[in-house]
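For the record, the sequence lines run as chains A and B. Each residue of the first sequence is one higher than the one before, counting from 447 in this note's numbering. Each residue of the second sequence is one higher than the one before, counting from 447 in this note's numbering.
Simulated from the structure, these hints should not be mistaken for laboratory data. One or more hints might be untrue.
Each pair may be met inside one copy or between any two copies, as identical chains are not told apart.
As the list claims (entries may be wrong) - In silico DMTMM-like links for lysine to aspartate or glutamate, alpha-carbon gap of 20 angstroms or less:
1) 766 with 497
2) 706 with 547
3) 755 with 568
4) 766 with 596
5) 706 with 769
6) 663 with 468
7) 706 with 549
8) 755 with 789
9) 663 with 745
10) 783 with 593
11) 755 with 660
12) 779 with 482
13) 663 with 769
14) 744 with 708
15) 779 with 748
16) 663 with 789
17) 766 with 660
18) 579 with 768
Here is what each chain is made of, one letter per residue.
Protein chains: 2
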Amino acid sequence: MSSTSSFAAQSATSPLAPHQIDRRDVGPQDVQIAIEYCGVCHTDIHQARNDWGASNYPLVPGHEIIGKVTALGSAIEHLKVGQRVAVGCFVGSCRTCSSCEADLEQYCLNNFTATYNSPSKDPGGFTYGGYSKSIVVDKHFVLTVPDGLDPAGAAPLLCAGITTYSPLRHWDVKPGMTVGIIGLGGLGHMGVKLSHAMGAKTVMITTSKNKAADAMKLGADEVLISTDPIAMQSMTNQFDFLLNTIPVPHDFNQYIPLLKVDGTMCIVGSVGPTAELNTGPLIFGRKSVAGSLVGGIKETQEMLEFCAKHQIVSEIELIKIEEINHAYERMLKSDVKYRFVIDMNSLI
Amino acid sequence: MSSTSSFAAQSATSPLAPHQIDRRDVGPQDVQIAIEYCGVCHTDIHQARNDWGASNYPLVPGHEIIGKVTALGSAIEHLKVGQRVAVGCFVGSCRTCSSCEADLEQYCLNNFTATYNSPSKDPGGFTYGGYSKSIVVDKHFVLTVPDGLDPAGAAPLLCAGITTYSPLRHWDVKPGMTVGIIGLGGLGHMGVKLSHAMGAKTVMITTSKNKAADAMKLGADEVLISTDPIAMQSMTNQFDFLLNTIPVPHDFNQYIPLLKVDGTMCIVGSVGPTAELNTGPLIFGRKSVAGSLVGGIKETQEMLEFCAKHQIVSEIELIKIEEINHAYERMLKSDVKYRFVIDMNSLI
Chain A
447 MSSTSSFAAQ SATSPLAPHQ IDRRDVGPQD VQIAIEYCGV CHTDIHQARN DWGASNYPLV
507 PGHEIIGKVT ALGSAIEHLK VGQRVAVGCF VGSCRTCSSC EADLEQYCLN NFTATYNSPS
567 KDPGGFTYGG YSKSIVVDKH FVLTVPDGLD PAGAAPLLCA GITTYSPLRH WDVKPGMTVG
627 IIGLGGLGHM GVKLSHAMGA KTVMITTSKN KAADAMKLGA DEVLISTDPI AMQSMTNQFD
687 FLLNTIPVPH DFNQYIPLLK VDGTMCIVGS VGPTAELNTG PLIFGRKSVA GSLVGGIKET
747 QEMLEFCAKH QIVSEIELIK IEEINHAYER MLKSDVKYRF VIDMNSLI
Chain B
447 MSSTSSFAAQ SATSPLAPHQ IDRRDVGPQD VQIAIEYCGV CHTDIHQARN DWGASNYPLV
507 PGHEIIGKVT ALGSAIEHLK VGQRVAVGCF VGSCRTCSSC EADLEQYCLN NFTATYNSPS
567 KDPGGFTYGG YSKSIVVDKH FVLTVPDGLD PAGAAPLLCA GITTYSPLRH WDVKPGMTVG
627 IIGLGGLGHM GVKLSHAMGA KTVMITTSKN KAADAMKLGA DEVLISTDPI AMQSMTNQFD
687 FLLNTIPVPH DFNQYIPLLK VDGTMCIVGS VGPTAELNTG PLIFGRKSVA GSLVGGIKET
747 QEMLEFCAKH QIVSEIELIK IEEINHAYER MLKSDVKYRF VIDMNSLI
């Protein structure tokens, strides 16, 4: 075991503050990583504040991790010390169920081990995340970061990036298709960049006219203002796929008529009871509402290569660790373009 | 124009009663049919009673029609007088949109013409349905009934049959799959028969223990009682596909965990606002909720051939036309196994 400096929540009401966390020793299959950057996800706020009633304290958030290898287990040959690597939303899964065997560890039938706040054999009994100087992770869950990707901007790819990349790939987004990205935040801005890079006609669907210019800069071909009934009506039956990134409960029924016959709206933002489903628009067009959760390890690596090839990273605001509590307050007001990333060198 | 005896609702509150309806003359592309049998669908009650606020009176219900050709338009060569034919839920569509070109007339982007209560150039300005001695229909929308299918039992195939067959086919139900049919009524009993004939392990999911024996007789391999939480828990992640035939608003969220990763629940029964959608179970398994509406003409013909091959018809109670108002009352109490069919010879 070795101790490492981290930022942790001590209770549901305490702000994040410095804390010493024990990390497990480096086993034969383990990679020890010095964390350079950690992205800040909305989940971090929910977990730090026990919004979902399942937080265990001390709780070290962070699952958008970029760093460099500092030690390698004896059985690892494909990585080297000093190499830049990444860790996303989970650090373990059963590796034997049908989902794991299909490279879909995110849907592990025996439940994946989340990067933080998951029961674990690690010291402390729970996993600790990336608001920390270092982390020790099983090699299967360690991604390599391709050369040429800005490491700070790449951090949010590990959650916001893969959360949008995976459904766009699963529903086979490609040239000739029209894709709507609903909501322009951390997820939505990645969705626009990725859909554009996949060659689809990409439409940002937002309530806010003042987000239109930004959306076009990010790669949107058009902007559809969802509060304009005439504009919405004019786009009926136009979309092959909708990626709904709105992070809060909302009436999603208004978007279904935008889909072509057999089209799908995939929800990745609002988790839980969201709105009363009107089955009418689904039935009269064989349309679907689906969900999707991050992506598997193989697909996450593929996403990083895709982003390197297309020079895609997240738009970020780089902060010091002591700014994290203020950053949370700003995120709750949607006051960030589009993702905070913590420079972990600021943590002593 | 020729007049024909029909049973029609005269207002939202009037029972169905005898009425003379004018049918259009037989045009070059038209088929005139003497109706032998007409199935009774829940939609008929909704429309007769203006439950959806869009009924036009006099209103002649009926879209599960079996009959014999009595006259053919000059341009028709593939049918002959005396041949047994069928008409389902629609009698017209634009024939030029992408849906129509894909043999999906039910999703016609310019709106199909329903078999009754749709605006029409026919006498009266609206289409009139199958509670009638005869009907005149464009040849494209006339199905042929294979030899060996009991004509009375075949009538409900035109709505209840195709409504369940089409999604089972679209989601590629086949041997090796586990399919759940939710709800045992007119649609559900056809779903069980068809899923079984397609070779899937077929599970009837119902609230009623006393429907178990019937479900097994119809072809179910197992019965899952949805009000038994232990039984439901034991079937988590077991189903490739769920066909939800419950005809009224209900909490469908409880069924989503039964699906395997990437599984779909298709709703065909409850049209309109149905329940608050909990996106959590969709997201943690990339699952979908979809809708489906009857089937296209090509697929409906395929379904009739499939049913002839597998000797599948609906379980019916044959009634005389003067019993129709009583039959409606029984249907509203779910007191029918499993579909009423009107013997049109009883209509003078």
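Evaluated hints:
In this assembly of identical chains, residue 766 and residue 497 lie within 20 angstroms of each other by CA distance neither inside one copy nor across copies; the values are 25 angstroms within and 62 angstroms between. With identical chains, the CA atoms of residue 706 and residue 547 are at most 20 angstroms apart between copies only, with a shortest distance of 14 angstroms across copies and 33 angstroms within one. Taking identical chains as interchangeable, the C-alpha atoms of residue 755 and residue 568 are never at most 20 angstroms apart, the minima being 36 angstroms within one chain and 61 angstroms between chains. For the identical chains of this complex, residue 766 and residue 596 are intra-copy neighbours only, at 18 angstroms inside a copy versus 77 angstroms across copies, given an alpha-carbon limit of 20 angstroms.
In this homomeric assembly, residue 706 and residue 769 never come within 20 angstroms of each other (Cα to Cα): the closest approach is 45 angstroms inside a single copy and 43 angstroms across copies. With identical chains, the CA atoms of residue 663 and residue 468 are never at most 20 angstroms apart, being 44 angstroms at best within one copy and 62 angstroms at best between copies. Within a single copy, residue 706 and residue 549 get their C-alpha atoms only as close as 30 angstroms, which misses the 20 angstroms cut-off; across copies the closest is 15 angstroms, which meets it. In this homomeric assembly, residue 755 and residue 789 never come within 20 angstroms of each other (Cα to Cα): the closest approach is 25 angstroms inside a single copy and 69 angstroms across copies.
For the identical chains of this complex, residue 663 and residue 745 are neighbours neither inside a copy (27 angstroms) nor across copies (46 angstroms), given an alpha-carbon limit of 20 angstroms. In this assembly of identical chains, the alpha carbons of residue 783 and residue 593 never lie at most 20 angstroms apart, being 25 angstroms within a copy and 68 angstroms across copies at closest. Proximity of residue 755 to residue 660 under the C-alpha cut-off of 20 angstroms is found in neither arrangement, the shortest distances being 23 angstroms within a copy and 59 angstroms between copies. With identical chains, the CA atoms of residue 779 and residue 482 are never at most 20 angstroms apart, being 27 angstroms at best within one copy and 67 angstroms at best between copies.
With identical chains, the CA atoms of residue 663 and residue 769 are never at most 20 angstroms apart, being 28 angstroms at best within one copy and 67 angstroms at best between copies. In this assembly of identical chains, residue 744 and residue 708 lie within 20 angstroms of each other by CA distance solely across copies; the values are 18 angstroms between and 28 angstroms within a copy. In the homo-oligomer, the alpha carbons of residue 779 and residue 748 never lie at most 20 angstroms apart, since the shortest distance is 33 angstroms inside one protomer and 56 angstroms across protomers. Within a single copy, residue 663 and residue 789 get their C-alpha atoms no closer than 26 angstroms, and across copies no closer than 66 angstroms, so neither meets the 20 angstroms cut-off.
Within a single copy, residue 766 and residue 660 get their C-alpha atoms no closer than 26 angstroms, and across copies no closer than 67 angstroms, so neither meets the 20 angstroms cut-off. In this assembly of identical chains, the alpha carbons of residue 579 and residue 768 lie at most 20 angstroms apart only when taken from the same copy (14 angstroms versus 83 angstroms across copies).
In this structure, the hints that do not hold are numbers 1, 3, 5, 6, 8, 9, 10, 11, 12, 13, 15, 16 and 17, in rising order.
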